[in-house]
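Peer 1: The primary structure of each chain is shown beneath.
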Amino acid sequence: MRRCSFMILTLLLLSGCWSSHEIDKSALVHGIGLDKAEDELMISVEIIKPTGSNEQGSLGGGNVQTIVLEKKADSLISGARGLIQDAKRRLYFNHARAWLISEELAKQDFIRLLDEGRRNQMFRLNSNIFITKTNPIDILSTSTLYENLSSAEIISALEQMEYNPEFTSVKIFEFFKLLEGPVPNAYLPIIQTKEQNDKLITSIEGTAVINTNKMVGRLDTKETVGLNILLNKAKGGTTTVTWNDQDKVSIEVNKSNTEILPTLQGKHLKAKVKVDVEGNLADNMTTSNIDEEWISKVEKLFSKHIEDIVQQTLKKLQEELKTDISGVGIETYRKYPKEWKTIQAEWNEIFSTAEISVDVHTTITHKGLINKSVERDHKKPKYPFQR
Amino acid sequence: MSFLKNKSFFSKMNKPKKIDEVQVHPSPTFSFDLDHNEKQLKKQLDLSEDVVFHHFLISLHTGNTLKAILVLVDGIINEDAIRNNVLEPLSDESFECSKGELLEQVKKKISIQNIKKENNIEKAIFQILKGNTLLLIDGFNEGLMLVAHGYEVRAIAESQSERSVRGSHEGFIESLSNNIALIRRRIPHPSLKFEKMIVGEYSQTDISIAYVESIADPKLVEKVKQRINEIKVDEIKNSGEIEQFIEDHPFSIFPTIGNTERPDKAAALLMEGRIIILVNGDPVGLFIPALFLENIKSVEDYSSRPYYSSFIRLMRFISFLISITLPALYVTAINFHKEMIPSEMIIPIIQARETVPFPLTMEVIMMILMFEVVREAGVRLPQQVGSALSIIGALILGQVSVSAGLVGAPTIVVVSISYISAFIITSIADVTALLRIGLFIASSIFGSYGLIVALLVILTHMTSLTSLGVPYMAPFAPLYFKDWKDSLIRLPLRWKKQRLKSIPNQRSTNIKSLPKTGDK
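Going down the list, the protein sequences come from chains A and B. Take the numbering used here: the final residue in the first sequence is number 388, and no numbers are missing along the way. Take the numbering used here: the final residue in the second sequence is number 605, and no numbers are missing along the way.
Hint data in this document are derived by calculation from the structure and do not stem from the laboratory. The beta-carbon is built from N, C-alpha and C at its ideal position, and this holds for glycine as well. Be aware that a few hints might be false.
[Unchecked claim] Sample of chain B residues with no beta-carbon within 10 Å of chain A, all distances over it, derived:
id, residue
1, T114
2, E173
3, I200
4, I432
5, S529
6, G532
[To be verified] Pairs of lysine to aspartate or glutamate, EDC-like flavour, derived with a Cα cap of 20 Å:
id, chain 1, residue 1, chain 2, residue 2
7, A, K172, B, D165
8, A, K215, A, E332
9, A, K50, B, E424
[To be verified] Restraint ranges, calculated between C-beta atoms of paired labels, are given here:
id, chain 1, residue 1, chain 2, residue 2, range
10, B, V498, A, D116, 58 to 66 Å
11, A, K89, B, F443, 40 to 48 Å
12, A, Y147, B, G490, 39 to 47 Å
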């Protein structure tokens, strides 16, 4: 008995509850913002505000449930520790789901600043990363529409990509995977505030293009659609074309598949982008009768329209930014792994001079519940007992 | 779980202790003198007002009369039988026989099923006190023991602790003979044996060991009988004491002997090759061997279709795990691994924690103890005050403590779920309550490491248990793969043609043949 109790007592001495930390003595960070402040780093954090549950009152709207703090520091970790002065509690980054990086910082060599995010076990690799136009604290302190936290709301938007290919979604591990891949370029969604009904709201607009370790330019919303098609990530959304220069016709995309077929001749690249789009007729503002002939005409219009979008994106990437984030590089690497070593260094040059043709094939599978949009010459059923 | 480590300590305690045995002097026998006999009996019985000495006369054909006494205990004898079948025939008629044959004649006249001759005073007294009636006639050194006890017994009712929807609604009662009859009615086969034993020097408790001779393992039966024989105590209060005296691991928190109040379950268990121990005065029968798996089984599983039964069994098992680990996982997630909580869930949790003045560990321990108090109060409380309890329990513990900011709502949810899950497996609810607290303490000190180590210790302990030599964790450890058909899930009865191998038995085949399936 004595030996037994001695064993238990020594067990208690061995290790205490050193890793135990009460949740009401810690501050949980939900969003991290990084900005440039002269030579230093400006770190802003969005902390979940532990309001008592009976004080909740008005749900949604207004950031009653967040605390936004800012601190200048040399590095991310020193900032995190320094913020204890202001937050009065130890900061926990376990739930940091959004990283916001200001454009000014992103235009410098900013990748090395993110090292901590992968080195420390506290951070999640599946958190999303964004570029902001201004100081990230502006985004973090913008009032939300429904969620409690701004950063949570931004992230919930990314889950809706199925219905809208106008923005991209990049998580930290995906971001580093791109940077450590054969083509060390990456892209990140840009988030900014805009005014609507006298109220500031956040909105994801466009994509930042990152060449090696700094941001070199941005794609607007339309070019982002082209990028998503090239990356085979556009799985839904609507596309609208103009019929006979006046009326609009839209389709809702169900399926979309992109294939890139590169052909390398020395240092000259020819690539073929094959896009197969399948969709339903969603909106028909024309008066024409819907038949096979009309559908095949509309399908051609859509193919042309999508081709234009993709070409526009490629043009911008090739001529203006000279950065390959389109997936052509990866396909080339897969097809010519031996030749790749010799051309890797000058790949961005090769890409910018490459001849890339886009071939889109659109299929409309359903025309919806009605045939013509407005049928004025309805034939009423004959009343059987009419005189 | 420290009780595993130090074996030598317990083996010392296991050694049989010396009991001051009451010296049995050569017991006196009845003499030929009735007055002397009466005095002998009264010496031991006269201060008890429930013992009645009824004097009457037996007339002989010669005209002589003989004095006779009936000694009985008021209230535990069948009065009608004694009056109509003993006193009436004896006092009405005159006996036409010699004095030597009188006792035989009397025996013939009395129409009571069981009459024994008794000449030992000590034994006679015990018989009287158990509800038998002693007839002493002047001039004989033997008495007639008339077995005609009759006392008030409770009507057979459904057991409150083991109810059923589809199945028998009979339950055991306090009377041993009725309980034996309840089982016998279900297995009217000569192979079903009820062996009688008496335990307890003062309580003289009747115990019946039931088993089906051609199915049960004779070694196991012998072992049970031997262990019960070795019990030398003054009294047996209930079957729970027998359970603790004969089990293999009396210091484990897991019971290795099962109990049931249902005769249909008892009959089913007997047919599996088990042994049932019935104790007089207790409506709870014991069964041996009991496996851990028994706790998630129910008799009703076999009467409904296999799909739902299997689902319910899985639910019972999962509930057991949830019940013991949920508070532990909760404290682990919040105090040690905050990243394990889903991000959407963290906001309400933080907000609930913020107002609570206690550390999480204390908050949960407090709630567990309070729930335990409410549960215990609910069991023991007289029904008239029951409504007060439910108001206090539901309102004070649930709502007001949250709105007063003393306890967080998530804590109440976690502890409540843990308790409700335990209610689905009532047979080991006591074990669950202890394991819940044990695991919670381990994980509040050492985090998930503590939780995993504690779970491993429990599992190791469980696999080391035996129920009178039968492994407690069968059919998982040792592995009896064939028994898995009727373990966590129950496959159709048609596929279960063999008896369970986990329970030692002599007759493996259960189903010989069945009608073909389909309309052919």
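Peer 1: Would you mind marking each hint as holding or not holding in the structure?
Peer 2: Hint-by-hint comparison with the structure:
| no. | hint | verdict |
| --- | --- | --- |
| 1 | T114 | 52 Å, holds |
| 2 | E173 | 68 Å, holds |
| 3 | I200 | 57 Å, holds |
| 4 | I432 | 6 Å, violated |
| 5 | S529 | 7 Å, violated |
| 6 | G532 | 6 Å, violated |
| 7 | K172(A) to D165(B) | 91 Å, violated |
| 8 | K215(A) to E332(A) | 23 Å, violated |
| 9 | K50(A) to E424(B) | 17 Å, holds |
| 10 | V498(B) to D116(A): 58 to 66 Å | 40 Å, violated |
| 11 | K89(A) to F443(B): 40 to 48 Å | 20 Å, violated |
| 12 | Y147(A) to G490(B): 39 to 47 Å | 27 Å, violated |
Checked against the numbered hints listed earlier, the structure breaks hints 4, 5, 6, 7, 8, 10, 11 and 12; every other hint is satisfied.
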